[in-house]
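Asker: For reference, the chains in residue letters:
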Amino acid sequence: MSPFNMLTNIFSSPRISFGLDILKNPQIITSIRRLDGRITKSSTLNIFWFLTKALWKYPGIFDYKPDPSLKGISELTYMILSLEERLRSARLKGAKIVGKWPANPTDLYFGTGITALDPFFAGYVRILAEGSRRLAKHGRAHLSEDACPAQAAAYSLIAKDLFPMDFFYPFIGPWCYDSQYCFEALRDKVEGDYGDHPIHNLKKHEKLSHGYMLQEIERFIAKMEELKGEPVDREKLREEYVLGNKLRGVLREIIEFAYVDPPPINSLDLILCIFISSDWLGDPEAMLQVLLRIRDDLGARVNRGEKAKIVSPNPSRLLMTGIAWGDLGLYNMTDELGGLVVNSECVYNLFYEDIDIEGDPVETMVKRFLSTPYAQPSQKRAQWTVENIRKSKALDGVVFNCNFGCNYQAAEARIVTDAIKKETGLPCLTTDTDLPKENRGQMRTRLGAFLEMIQSRQ
Amino acid sequence: MSASQDVSALLKLRKLLAARPAEIMEAKAKSRKIIGYFCSYIPEEIIWASGMIPLRLARFANNQVAAAGAAYLTSNSCPFARSCVGLKKSGTDEYFGLIDMVADAPACLQMRRVLEVWERYFGVKVVILPVPRRFYANSGRDFYSSCIEQFCETLEESGGEKITASKLENAVNLFNRIRELQRRLYAGLRDESFPLEWTDVLEVIRAGFLLDKEQYRETLEELLVQIEASTKRDISNPKRNRLLVAGAMLAPGDEKLATLLKEVGGTVVMDELCTGSRSTFGDVEKPDFHSIASRYLSAPPCGSLPYPDPESDPRHAHLKKLVEEWGINGIVYYTLRFCDAYSFKASHLKQLMQSLDVSFLHINSDHSDSDAGQIRTRIEAFVESINDGAR
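Heads up: the protein sequence lines correspond to chains A and B, in order.
Once you know that position 44 of the first sequence is 143 in this note's numbering, the rest is easy, because the numbers rise by one and skip nothing.
Once you know that position 225 of the second sequence is 233 in this note's numbering, the rest is easy, because the numbers rise by one and skip nothing.
By construction, these hints were calculated from the structure, which means they are not laboratory data.
Just to be clear, a hint being listed does not mean it is correct.
[What the hints assert, rightly or not] Calculated lysine-lysine pairs in the DSS-like style (CA-CA distance at most 25 Å, straight line):
1) Lys41/B <-> Lys303/A
2) Lys133/B <-> Lys303/A
3) Lys479/A <-> Lys36/B
4) Lys288/A <-> Lys358/B
5) Lys358/B <-> Lys521/A
6) Lys306/A <-> Lys20/B
7) Lys358/B <-> Lys306/A
8) Lys328/B <-> Lys288/A
9) Lys97/B <-> Lys521/A
10) Lys520/A <-> Lys170/B
11) Lys328/B <-> Lys240/B
12) Lys36/B <-> Lys302/A
13) Lys302/A <-> Lys41/B
14) Lys170/B <-> Lys302/A
15) Lys302/A <-> Lys170/A
16) Lys175/B <-> Lys259/A
17) Lys294/B <-> Lys236/A
18) Lys335/A <-> Lys466/A
19) Lys240/B <-> Lys41/B
20) Lys170/B <-> Lys303/A
21) Lys175/B <-> Lys294/B
22) Lys306/A <-> Lys152/A
23) Lys259/A <-> Lys152/A
Using the sequences and the hints given, assemble the complete structure.
Answerer: Put into C-alpha cells, the structure is as follows:
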C-alpha cells in the first residue's frame, strides 16, 4: 500500500473520526461513587486518550455502527467501553463494587451506597468488543456446553477477575433459570450471597411473598452496611429512586422518539440506551447527563426532520421481546433491511415504570421486585406485553428472541407470541441466537423475509 | 428384574401397578380427586390427608412425543420437560390423562414453564406451592410453612376433604413409615449379599409414586420380611467397584444408564437421585405445618436449589456421607442435556470427589439411545479403571 493510501486510510478511519467526535463534545462527568462521596471528572483528554487506546484494544467494535453524529452516543460508547477502568479506579479510591443480575432493580444497589455491576452486560460487551469468543468458551468449559452465552461470559468475567468485584449479591428469582447456578459456580471465585425473589401465585401468596421479600431486602441492606462499614440511610434509598425515576423517564422519552417519522435514532443506539439501565454503567449521575444529551439532540433532529443514519425512511417498527439480541450487529442489520427496533420487553425492561417515592423505601422496593413484568407467570407477562403494545404507537411486528441455553425464556415464546398474535393481530417472528456473528446469514434471510411480509401488508 | 425368587413381594408390587390405573378410575368415579405432581418438594402428606390421590409423574417420552412437547417449549428444554408436555399433549400415558389437577413446587424453573404450558394449552388446573431458595434459613422455612398452610386451603377448596389434625397425624405417620422402609431397602445395598440389586430398589421406589400409599406400605413391609428370610447372594467374588449414581433423575423411559452400567459390570450400591433415594431421607417430627416444612427443606436438597457457601453445602455433605456409609469408590454423575441446575455443578462435585479419592465420571445426555454407544465406552473404561485401582 502506498504511503498516500495509508494516510488516506488513517484519516478516513472510523477510529480517528470517532476520537475526533469526542473532542467536539467535551462535557462529561463520571461520578463513580466512593466512600468519600467525591465525584471524578473525566477530562476530554482522558476520554480521547482512552478511546484511541480502546479502539485498538477492542477491534470488534467496528463491526457495529452506532451513530456518532447523535450527540451523546460517543459519550455512551466511552462509558460502555471504559467501565472496567472506571470501576478499578473508583475501587482504588474506596468504592465498593457489588455484582447484580439484570432484572434486579438497580436503585436498591446504588441506594445503599455501593456501585452496582451487571456482569451479564459487561461480559457480553467484552465478547463483542474483543471480537473474540474466548470468554464464552471459557465460561462454557466451566459451566456447561449448554450454558447461555451471557451466563458464560459473566462467569468468565468474574472468574478471571476481568472486572473488579468486592461482593456478588444478586437476587435470584423467576426471571432466569441459569443465573442462580452461575452464582453457585462462582462461589469459590468471589465472595457472595443471594437474595431470594420468590415465585408466587399473585392471588394466593401476595402477602406471604411480600413479607418474605421484605426480609430478603433487609438482609441485603444489612450486608451492604457491613461491606461499607456504615449504616445505610433509608432516605438515600428514596433519593436514589428519584434519580432512577429521572433516568427511566428520560429513557422512555428517548424510546418515544423512535416512533417519529422520520426516525431520528437507529435500532442499535436505542437498544444501547435500554441495556445500560441494568447498572447505569456504574454511574447514574453521568448516565443521566448522557441520556439527556441524547434526548435533547433527538428533539433537535425531529425539529429539523433529520433521519438517523442507516435507518430506512419508512421503517417497519418492531418490538424486541424474549431476550434482546446480544449480537449488536443484528440491530444494524434490522435497519439495513428496512426495520427499526423501537422498544424492548426483556430482562432490561426495568425502565417501564417508576418506583414509588412515597412511603417506606424498603416497602416500595418490595413492590418493585414482586411486580417485575419479566418475572411474572407467562400468561401475565404476555398480557402485560399486549397492553404495552396497545399503548404504543405504530408497531408493525414483534420479534421474540431465544438465546441458546436460555430455555427459561424460550419456553415462554409460544405463550407470549400466541397472545400477541391473537389480541393485537401483529405478526411475530421467533428467532434463535447464540454467540455474535454465528448465524448472521440465517438471520438476514429470516429478518428480511419477515420485514418484507410486514411491508407487503402495509 | 433380577431379584431372588424368594422375594415375591416384588411381583405383587408389579401386579398392583398393573391394576393401578383401573383402580384410580374407580376412585375418580366416586369423586375422589387425583393430583399429579413432579417435584419432591410437594408434601404428599397434605395431599393424602385431604383425601385426594397423589401421583408423582416421572417418566420420559419417546423422541416423537418429546418433540411434540418441544413445540410448546423449546428444543433446548431439558428432555424431561419436553416429555412432560409431550405426554400430556399426546394422551399416550394413562396417568397423565387421569389427573384432575397438578401441584407445582417450582424448585426447577423449567418445570414451572411446563406447568404454565399445561395450564394455558391443556386447561389443567395448577396449584402452586412456592419453594424458597433460602431453604436453609428460618425465614425460608417460615415462608414455606405458611405456603403449605395455604396449599391445604387450596386443596380443600378444590374438592379435597377438610384436613383435620388427626388426618394430618395419620398421614405424617404413614409417610414417615414409608420413608423408613425405603431407607432400609437402600441400607441393604451396602451389603453385597443383599438379594436385590439397585435397579430393583429403584423400581420399588418408583412404584411408590403411583400406588395407594397404605397398600404400598404393606407391600414394603412384606418385602423387607421376605428379604430377611431370602437366600443371600454369593459374595465369594466381591465386586471391586461400588458406584453411586448422582444427578437429577432417572425415570421410566430412560433406562439407558442403568442398563449400560449393568452390562459393563458396574455395581451401583446407592444413588442420589430425585427419583431415587433423596426423597427417602428425613422424617416429619410433628404433624404440623412447620414440622412438615422443616422436613422437606432439611432433607438432602435438590440441585435445583442453589446454596451460597461451598464449605457448608448440604448437598456436598450428604454426598460425602453416602460415599462413606456405602463404601463408594466411583460416582457416575448423570445430567440431562439443558439441565443447567445439575450440569453447572459438575466441576465442583468432581473436585470434591477427587479430594475424597473417589473416581468421578460426568455423563451429559438426553434420554434417547442415540449416544448409548459412546456412553457405554466411557462407562466401561470408568468401571475398568476403578476395578484396576481396587486390586
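Asker: Of the hints stated earlier, which fail here?
Answerer: 3, 5, 6, 7, 10, 11, 12, 15, 16, 17, 19 and 22
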